[in-house]
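Trainee: Next come the chains, spelled out residue by residue.
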Amino acid sequence: DQQVKQNSPSLSVQEGRISILNCDYTNSMFDYFLWYKKYPAEGPTFLISISSIKDKNEDGRFTVFLNKSAKHLSLHIVPSQPGDSAVYFCAAARDSSNTGKLIFGQGTTLQVKP
Amino acid sequence: EAQVTQNPRYLITVTGKKLTVTCSQNMNHEYMSWYRQDPGLGLRQIYYSMNVEVTDKGDVPEGYKVSRKEKRNFPLILESPSPNQTSLYFCASSLIARQGTPYEQYFGPGTRLTVT
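Protein sequence lines, in the order shown, are assigned to chains B and P. For the first sequence, the residue numbers in this note's numbering are -18 to 95. For the second sequence, the residue numbers in this note's numbering are 16 to 131.
Honestly, the hints are just simulated from the structure, not real lab data. Any given hint could turn out to be false.
Per label pair, the in silico range of CB-to-CB distance [stated by the list, open to error]:
1. P:Lys80 - B:Lys35: 22 to 28 Å
2. B:His53 - P:Glu119: 19 to 25 Å
3. P:Asp53 - B:Tyr20: 27 to 33 Å
4. B:Lys94 - P:Glu119: 26 to 32 Å
5. B:Lys94 - P:Leu110: 36 to 42 Å
So the derived list for chain B, only partly shown, Cβ under 8 Å to chain P, looks like this [to be verified]:
6. Leu15
7. Tyr20
8. Pro21
9. Glu23
10. Pro25
11. Thr26
12. Phe27
13. Ser30
14. Ile34
15. Phe43
16. Pro60
17. Phe70
18. Lys82
19. Gly86
20. Gln87
21. Gly88
Below, computed lysine-lysine pairings styled on BS3-like, alpha-carbon distance capped at 27 Å [what the hints assert, rightly or not]:
22. B:Lys49 - B:Lys(-14)
23. B:Lys94 - B:Lys18
24. B:Lys35 - P:Lys72
25. P:Lys80 - B:Lys82
26. B:Lys(-14) - B:Lys94
27. P:Lys86 - B:Lys82
28. P:Lys86 - P:Lys72
29. B:Lys52 - P:Lys72
30. B:Lys49 - B:Lys37
31. B:Lys18 - P:Lys84
32. B:Lys52 - B:Lys(-14)
33. B:Lys(-14) - P:Lys72
34. B:Lys35 - B:Lys94
35. P:Lys33 - P:Lys80
36. B:Lys18 - P:Lys33
Keep in mind it's a predicted model, so treat the numbers as computed, not measured. We put the CB at the ideal spot given by N, CA and C, even for glycine.
Whenever a hint applies, use it, and build me the whole structure from the sequences.
Mentor: Structure representation (structure tokens):
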């Protein structure tokens, strides 16, 4: 049972345009969400996070939006750059628990074309 | 340089031959974890450790063992590897946040394991 889902395996955008990556979750107990970026032959690296008490968090070109009622979050990259081409994973956690468990989505491969 | 290291990076082995993948971090992180990445399934947590001598199962622990005798090391042990354990494995570490859930995990470069 996939509790965190990224339904788009891939996304292709033109350099300078907006990239929007989506993530849905089913467990309403999740209250902390993260995005990781992964280049080939490297481990994932943390990108941005958001707590459920917020609906938006911004860090430079990256913004994460959280819609708790829809159990949906999205990552916006503006403007997109060729160096953003990577696999993006969303992840969810229960901040209120003490389990240490992170649940990851399947990943979305972003290609930014020059 | 702050980092998580894994060894070996690549390993081809045969069914039933015990193996250990080492993981070490130099950031004094309390939390460490092992994941496997498979096509279409993303990253799935195998085991995690909140501190020395404290380990717990993730979502896919069957066929794996771990130990946390020192803060910096968290080896992954496959006592009797099988072909379905062919995968890309990542070790990660992080500080424990105020309420106990580790955020912003730092990942190692990965170990590609093939079991024939």
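Trainee: With a cut-off of 8 Å on the beta carbons, see whether B:Glu23 makes it to chain P.
Mentor: Hint on B:Glu23: holds, closest Cβ of chain P at ~6 Å, below 8 Å.
Trainee: Does the structure keep P:Lys86 and B:Lys82 at a Cα separation of 27 Å or less?
Mentor: With a Cα-Cα distance of about 19 Å, the restraint between P:Lys86 and B:Lys82 holds, given a limit of 27 Å.
Trainee: Holds or violated: are the alpha carbons of B:Lys49 and B:Lys37 at most 27 Å from each other?
Mentor: holds (11 Å)
Trainee: Starting from B:Lys94, check that the Cα of B:Lys18 is at most 27 Å away, please.
Mentor: Status holds; Cα separation ~17 Å.
Trainee: Run the distance test for B:Lys(-14) versus P:Lys72: straight-line Cα separation, threshold 27 Å.
Mentor: Roughly 22 Å separates the two Cα atoms, so the pair holds.
Trainee: Is the Cα-Cα distance between B:Lys(-14) and B:Lys94 27 Å or less?
Mentor: The hint holds at about 25 Å.
Trainee: Given a cut of 8 Å on the nearest C-beta pair, is the interface hint for B:Pro25 held or broken against chain P?
Mentor: Since the shortest Cβ distance to chain P is 5 Å, the answer is holds.
Trainee: Should the hint that B:Pro21 touches chain P count as held when the rule is a Cβ pair under 8 Å?
Mentor: violated (10 Å)
Trainee: Given the hint that B:Lys35 pairs with B:Lys94, test it: the Cα-Cα distance must not exceed 27 Å.
Mentor: Violated - the C-alpha atoms of B:Lys94 and B:Lys35 are around 32 Å apart, more than 27 Å.
Trainee: Within a Cα-Cα threshold of 27 Å, do B:Lys49 and B:Lys(-14) meet the stated pairing?
Mentor: holds (15 Å)
Trainee: What's the verdict on P:Lys33 and P:Lys80, does the C-alpha distance respect the 27 Å limit or exceed it?
Mentor: holds (11 Å)
Trainee: For the pair supplied as a hint, B:Lys18 and P:Lys33, confirm whether the alpha-carbon distance does not exceed 27 Å.
Mentor: The hint is violated at about 32 Å.
Violation of the numbered hints given earlier is confined to hints 1, 3, 7, 8, 14, 15, 16, 24, 31, 34, 36; the remaining hints are satisfied by the structure.
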